[in-house]
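A.B. asks: From first to last, the protein sequence lines are chains A and B.
Positions in the first sequence are counted from 1; adding 936 to them yields my numbering.
Positions in the second sequence are counted from 1; adding 936 to them yields my numbering.
Don't take each hint at face value.
If chains are identical, the list can't say which one is meant, so a pair holds when it fits in one copy or spans any two.
As the list claims (entries may be wrong) - DSS-like mimics (lysine-lysine), calculated; alpha carbons at most 30 Å apart, straight line: (1) K1040 to K1251; (2) K1366 to K1309; (3) K1293 to K1309; (4) K996 to K939; (5) K1409 to K1437; (6) K1185 to K1251; (7) K996 to K1042; (8) K1185 to K1040; (9) K1316 to K1251; (10) K1040 to K939; (11) K939 to K1309; (12) K1042 to K997; (13) K1223 to K1335.
These are computed hints drawn from the structure, not numbers from a lab.
From a predicted model like this one, the values you see are computed outputs, not experimental measurements.
Take a look at the letters that make up each chain.
2 protein chains.
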Amino acid sequence: MKKENLRIIPLGGLGEVGKNMLAVEYGEDILIIDAGAMFPENDMWGVDLVIPDFGYLMDKKERVRGIVLTHGHEDHIGALPYILRQIPAPVYGTRLTIGLAGVKLKEDGMDGIVPLRVVGLREPFQVGPFEVECFRMNHSVPDGVGLSIHTPRGVLVHSGDFKFDHTPIDGEGADMARLAQLGGEGVVLLMADSTNAEVPGFTPSEKTVERAFEQVFSAAQGRIIVATFASLISRVQQLVNCAQRHGRKVAFAGRSMVDNVRMAQELGYLTIPEGMIVELGAIRNLKAEHVVIVATGSQGEPTSALARMAAGTHKQVQIVPGDTVILSSHAIPGNEEMVSRTINKLFQRGAEVVYEKVAQVHVSGHASQEEQKLLLSLTKPRYFLPIHGELRHLHQHAKIARELGMPAENVFVVENGYVIEIDDAGARVKERVPGGWVFVDGSGVGDIGPAVLRDREALGRDGFVVAVAVMEKKEWKLVRPVELVTRGMVYLPDAGEFLEKAAAAASESLTTGNPVRDEVEVRERVRRALGRTIHDEIGRRPMIDVVVVGA
Amino acid sequence: MKKENLRIIPLGGLGEVGKNMLAVEYGEDILIIDAGAMFPENDMWGVDLVIPDFGYLMDKKERVRGIVLTHGHEDHIGALPYILRQIPAPVYGTRLTIGLAGVKLKEDGMDGIVPLRVVGLREPFQVGPFEVECFRMNHSVPDGVGLSIHTPRGVLVHSGDFKFDHTPIDGEGADMARLAQLGGEGVVLLMADSTNAEVPGFTPSEKTVERAFEQVFSAAQGRIIVATFASLISRVQQLVNCAQRHGRKVAFAGRSMVDNVRMAQELGYLTIPEGMIVELGAIRNLKAEHVVIVATGSQGEPTSALARMAAGTHKQVQIVPGDTVILSSHAIPGNEEMVSRTINKLFQRGAEVVYEKVAQVHVSGHASQEEQKLLLSLTKPRYFLPIHGELRHLHQHAKIARELGMPAENVFVVENGYVIEIDDAGARVKERVPGGWVFVDGSGVGDIGPAVLRDREALGRDGFVVAVAVMEKKEWKLVRPVELVTRGMVYLPDAGEFLEKAAAAASESLTTGNPVRDEVEVRERVRRALGRTIHDEIGRRPMIDVVVVGA
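With the rest of the complex left out, here is chain A (with noise of 0.2 Å):
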């Protein structure tokens, strides 16, 4: 039978390639890796959440055969929701994956929409013509996996969101060994995670946190009160360990936190002595020492539980002298001032706290170099497609597989929407795709745009004037003085004369002058008059929009 061609499509992703999702293609099969949403950036104003566009997938939905889920963070299982309720395709993915997958499709009242598929490690799985295997990698988040993906074209292998912790919380290392025989076998391509390829050696075992925890908990003599993400499932297991040596129990706060730590504890992912949680109610029974919180918050979210201890307006936890504040958790570009800030009014409210910049408090979930080269040697791919960052990491990362002997143009640096295709003469970069992201914002999915967001970042800037014009229509007359709505742009209660004077001057530009003709007219020399008196007054540009009313 004469083979069709292999083709690998990385799909969305907000600056990084493939992150989100990505396609491989063979024939009139499709499988998707990984289905996730990002956080917008702070210039996508008013955005809730970017998910891939999935556009190229609209008219070849029955083919899909399948979602294989790399491991259960947001950012690979965040759009499930969005793309199952178009493409309602089978999903797998381990057991934990599954687990935090089927929460999220819960949350939007989605259960049972597609089968929910456990599968095992190195237990292959037929997705169309795919043969696929999931094997253990380790990541900050227990049970994510790297795949193998035998077809018709060739072995490829997807890292996943990968690290080699040799001491990993759970106690099960990547499976070097199954890279190795793949290796061996023969891939024809490699797709691995760059995100740390900036950065030299080898990423910390997590297993060093748990020593920067030891030394805070070992100093801190009032209660403990830890931000991480919710999703960092070993990272609270540490916590409880922690907890437990130094006889504390263990409160949950934001919602995030407690609903996957109840689901973990279901699945067996998390181990917590009986009687060690307390409700959060509860603590002020307990003495300071006796105490250990473990928050949402890491990245300074204004809603999140830590942002509102920090502010003084949680609930049931106040920050007092004498609480140690641990932020166990890195800051994700664009999130620096908000971590900042929280640090810094932690502190204003007397707390000793603590974060990655002055203690090992928190590690990266993502492969360094060395690492990089050790899974490129391991696997010893034909071709290589750097995934997962931003055009700069996946250059550093092209960078390093040169250094390792891989012909130049075996490597395949693109960005989302490039299609790469394996025939009988190798691999290649083809065409281009709708590869992009698309914006929810409410309950509307894709229907903002550049446009809008110009005009909300003009909004943002200056605010707006609204001019009322009541005219008679047919003498183009103005009936009574212009009136003016404005809001963000000069502070009301001081701005009276300032705004009679633009009301004025737009109010004049109707009646002196060669006489108005028509509505058109009547808006270009509003907007004019009130733009140029704004201007030289306050020296800023609002949005203006006239309204005409007929009298």
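Add chain B to chain A, keeping to what the hints say.
C.D. replies: Frame of chain A, contents of chain B only:
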């Protein structure tokens, strides 16, 4: 004569204490140290510049004897035009610092408004009752100094922005001898730069950057484009040195870069061999391997030279494969996303990009922990006031002082506006005076506050809707259907049907149910109907305003 109390007041600084301005007050006399401005943070919507709130000084104007500048960076001189307009006191500083301050005042049309006095190193001058002396400290701009201030209550030492650099570019190390001498004679209070109090060890010498430049220059085949701060005169000198060694000419891009280079050359702080500078427009006549372009834009600022090159909108420089771009800078908190995007765009255009994460093409201008210890050990102050840093940095700096044996009660961690008072009994923290910041927006100074920012934030998130209801005002009957004006909420070309529905709901709220009684009720009903409809339909919460027009 009875001694007055000495008062030290850190004033202004966006989160950083005493960074932009600090007052020293003795009896009827006030000395100001620095007058800087800060760039707004990401959530200071539409604000152009942030300056210190010097309201405390407004009823004491005639008591201000002088303003001493420690160095010529924007965050230490940028508020001069605003402050001198209100408080025209003489300004003191070393030669380059006064040169930079002069350029700034000239830009604002304020030449000659106050005397600008150049002072020498180790040459005491009198400002009211204060004998002030400048001594050399190293920083990332030449001519940076620390200050000793002899007062009737003892000697104050102010570090300025500093590091100890044993191999500075201009060949002048920090004046450790003077510091030790002052320490021997007795320092009552040290105020010192806390910026890098979280960083262990020593900050590398500015010289190490030249080694990194050398490597890049040796490897580069085509043009070299370097982005850095226009005020990093030493950095520019190093680039010129490298260019000369490698037979390249230098062109400067960006207005502030061109201006600063010219001024620094005139004052002798920058040595560029005859014929090495070429106009930017003339580089096309040179071979690529003979060109270095030194440009503004190291923070990814959208209108800077580098950002325009990266975006493909620079008139004279297009980035092409073969170009090597160096970002010789560290992203200021809040700018990380912009810097990262610039790097990605440069890679996208085929450039080789070298930046802090992958090579030491930048070093900090601020002392790390061991240098902070050295300063404390040399000056042996009785009291210590950590300044120049956010609360988190001040706390770490205070911890260092305590580790060196200072009693905790002699170390003052305060926020801006707190008064440190020294009398016969010693020093202590007293009352708080206004000492925050003021926003500059357009030509308005201080007229924008939290209320306007909240409105701008709301507008930036979901836009606005203004409803115009034309009413017969006796019976409060709606004369014609409600009209809507909206921006930033939805993409208008696609939203016709939705907007009709919302307008209809607004009209209906006035024509059904109990009769409307007054204008307040009109507004309320329309606002509620619109809010509900919009939220139900698209899940957004725009700002809603209602204009009632009498028919």
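A.B. asks: Run every hint past the structure and note whether it holds.
C.D. replies: Hint check results:
1. K1040 to K1251: Close inside one copy (27 Å), not across copies (49 Å); limit 30 Å.
2. K1366 to K1309: Result: close within a single copy only, 27 Å intra versus 59 Å inter.
3. K1293 to K1309: both (27 Å within a copy, 19 Å between copies)
4. K996 to K939: within (20 Å within a copy, 87 Å between copies)
5. K1409 to K1437: both (25 Å within a copy, 27 Å between copies)
6. K1185 to K1251: within (20 Å within a copy, 64 Å between copies)
7. K996 to K1042: within (26 Å within a copy, 64 Å between copies)
8. K1185 to K1040: within (29 Å within a copy, 59 Å between copies)
9. K1316 to K1251: Neither. Shortest intra-copy (55 Å) and inter-copy (45 Å) distances fail the 30 Å Cα cut-off.
10. K1040 to K939: neither (39 Å within a copy, 70 Å between copies)
11. K939 to K1309: neither (32 Å within a copy, 70 Å between copies)
12. K1042 to K997: within (23 Å within a copy, 65 Å between copies)
13. K1223 to K1335: Between copies only: 27 Å across chains, 55 Å inside a chain, cut-off 30 Å.
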